[in-house]
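Asks: Sequence:
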Amino acid sequence: GTFDVVVVNLYPFYDKVTSGAISFEDGIENIDIGGPTLIRAAAKNHKDVLVVVDHHDYPALLKYLQEKQADPQFRRMLAWKAFQHVASYDSAVSEWLWKQTNSGDTFPPSFTVPLSMKSTLRYGENPHQKAAFYGDRSLSLVNAGGIATAVQHHGKEMSYNNYLDADAAWNCVSEFENPTCVVVKHTNPCGVASRQDVLEAYRLAVKADPVSAFGGIVAFNTTIDEDLAKEIREFRSPTDGETRMFYEIVVAPGYTEKGLEVLKGKSKTLRILEAKRSGKNMLSLRQVSGGWLAQQSDDLAPEDITFTTGSERAPTDSELSDAKFAWLCVKHVKSNAIVIAKDNCMLGMGSGQPNRVDSLRIAFRKAGEAAKGAALASDAFFPFGENKTTTRPIRFDQVRTYRLIN
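The sequence shown begins at 15 in this note's numbering and counts up one residue at a time.
Possibly wrong hints are sitting among the right ones.
[To be verified] In silico SDA-like pairs for lysine to any residue, Cα to Cα no more than 20 Å straight-line:
hint	residue 1	residue 2
1	K348	V371
2	K244	G169
3	K113	S33
4	K282	D312
5	K58	S33
6	K348	K290
7	K348	Q98
8	K282	G169
9	K278	T253
10	K132	S188
11	K144	N176
12	K294	S188
13	K58	F17
14	K282	R136
15	K199	T253
16	K132	W94
17	K290	H168
18	K345	G305
19	K95	R136
20	K338	A308
21	K290	D150
22	K221	G382
23	K338	A394
24	K132	K113
25	K170	R136
26	K132	K199
27	K95	L75
[Unchecked claim] Cβ-Cβ distance ranges computed for the label pairs, FRET-style:
hint	residue 1	residue 2	range
28	V225	L76	54 to 62 Å
29	S332	G304	29 to 37 Å
30	V225	Q83	52 to 60 Å
31	H142	A308	29 to 37 Å
In case anyone wonders, no lab produced these hints; they're calculated from the structure. Note that the structure is a prediction, hence the values are computed from the model and not measured. Cβ atoms here follow ideal geometry from the backbone N, Cα and C, with glycine treated the same way.
Using the sequences provided together with the hints, build the complete structure.
Replies: What follows is the structure, given as structure tokens:
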């Protein structure tokens, strides 16, 4: 006889290998062979056979059968989903086998990135662009944290640019161990401050550049309790002392029940995200025309390197602390990037300029007189006279304006 419908549930390979330590033999045992073959055969013959691999399609299937429909598009959709399902399954097997058998090579000769749509977006970077958000189901990213797996507790749906900004803010604030607040606008941190009192850190981060902070994204690396939530809700702009600060997104690793309740009262549109700290040693991908660039994630921390003194006077412990703080901040500013910081607080930054001198001028204009005695960090070689360069944060004890260091 012939089959009208084929429904297949594959061996739970993905769940098995991501649930914890599993032996190579057990992993191999959980690779389904017959299931994918049956799915592929049914999908190829979808004109005569309905193939189902997703339980969410059961209601539509029953309706199709009960009403004796003859829509070829429905059959083709199920066939597409079947082939995609098998492809994702095979990509997980391939990724797992690569990790089991390679000799420590970071980059496989070829690999597949299994993406699963999480949501469609209202539009992309610009209103005329359609957009969607996909989650990466690679085995290496299971429990990796980050914005893609964040829980949204409140607010409007996330936009394309919201995801970019939230990711930038979360990646930056996750660098710091002490209680820290980061304010981001257009993927650049415009305010960063670390303090034992996170309320003070929040105030200082906003005051660093209140004009840019307005309408930005605020990120914390500590749980938001009721007191902090009230401060976020009621804090007035330092520019006029009257206008309540407006934010697109607040992101933190957790919220107390009262803290979440208070924060929801700030605005119906405020997006409140709860995220886990992003993992390390990940593969970072970036698309270029016709291809992709791959590199290891930039996980270098101040404790991983040795800071050397390029001046006659060695920095004090406090000065070195500021230099390391500025060094962490400048990592997340778009090149050419300059950050000026003091007392673990960003005072000014310059970003995205074609030449470093212009970024320097912007940073000092933002910092003003507070730049005196502050640490300055550059994201690449900093030009001096006589062809001298340095890649480490440098300190200017008597800086008043940028002109003194031209």
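Asks: The structure should be examined with respect to each hint, and the outcome stated for every one.
Replies: How the hints compare with the structure:
1. K348 - V371: holds (14 Å)
2. K244 - G169: holds (17 Å)
3. K113 - S33: holds (16 Å)
4. K282 - D312: violated (36 Å)
5. K58 - S33: Violated. K58 to S33 sits at ~33 Å, over the 20 Å cutoff.
6. K348 - K290: violated (24 Å)
7. K348 - Q98: violated (37 Å)
8. K282 - G169: Judged against 20 Å, a Cα distance of about 6 Å means the pair holds.
9. K278 - T253: violated (25 Å)
10. K132 - S188: violated (24 Å)
11. K144 - N176: At roughly 15 Å apart (the allowed maximum being 20 Å), N176 and K144 satisfy the hint.
12. K294 - S188: It holds: about 11 Å lies between the C-alpha atoms, which stays within 20 Å.
13. K58 - F17: Holds: K58 and F17 sit about 14 Å apart, inside 20 Å.
14. K282 - R136: holds (18 Å)
15. K199 - T253: holds (17 Å)
16. K132 - W94: holds (18 Å)
17. K290 - H168: Holds. K290 to H168 sits at ~17 Å (cutoff 20 Å).
18. K345 - G305: violated (25 Å)
19. K95 - R136: Violated, at about 24 Å.
20. K338 - A308: Violated. K338 to A308 sits at ~27 Å, over the 20 Å cutoff.
21. K290 - D150: Since the Cα atoms of K290 and D150 sit roughly 16 Å apart, the hinted pair holds (cutoff 20 Å).
22. K221 - G382: holds (13 Å)
23. K338 - A394: OK: K338 and A394 at ~15 Å, within 20 Å.
24. K132 - K113: Not satisfied, since the Cα-Cα distance of roughly 27 Å exceeds 20 Å.
25. K170 - R136: Within the cut-off at roughly 11 Å; holds.
26. K132 - K199: violated (24 Å)
27. K95 - L75: Status holds; Cα separation ~14 Å.
28. V225 - L76: 54 to 62 Å: holds (58 Å)
29. S332 - G304: 29 to 37 Å: Since S332 and G304 have Cβ atoms about 50 Å apart, the given range 29 to 37 Å is violated.
30. V225 - Q83: 52 to 60 Å: holds (59 Å)
31. H142 - A308: 29 to 37 Å: holds (30 Å)
Hint compliance for this structure: hints 4, 5, 6, 7, 9, 10, 18, 19, 20, 24, 26, 29 are not met, and every other hint is.
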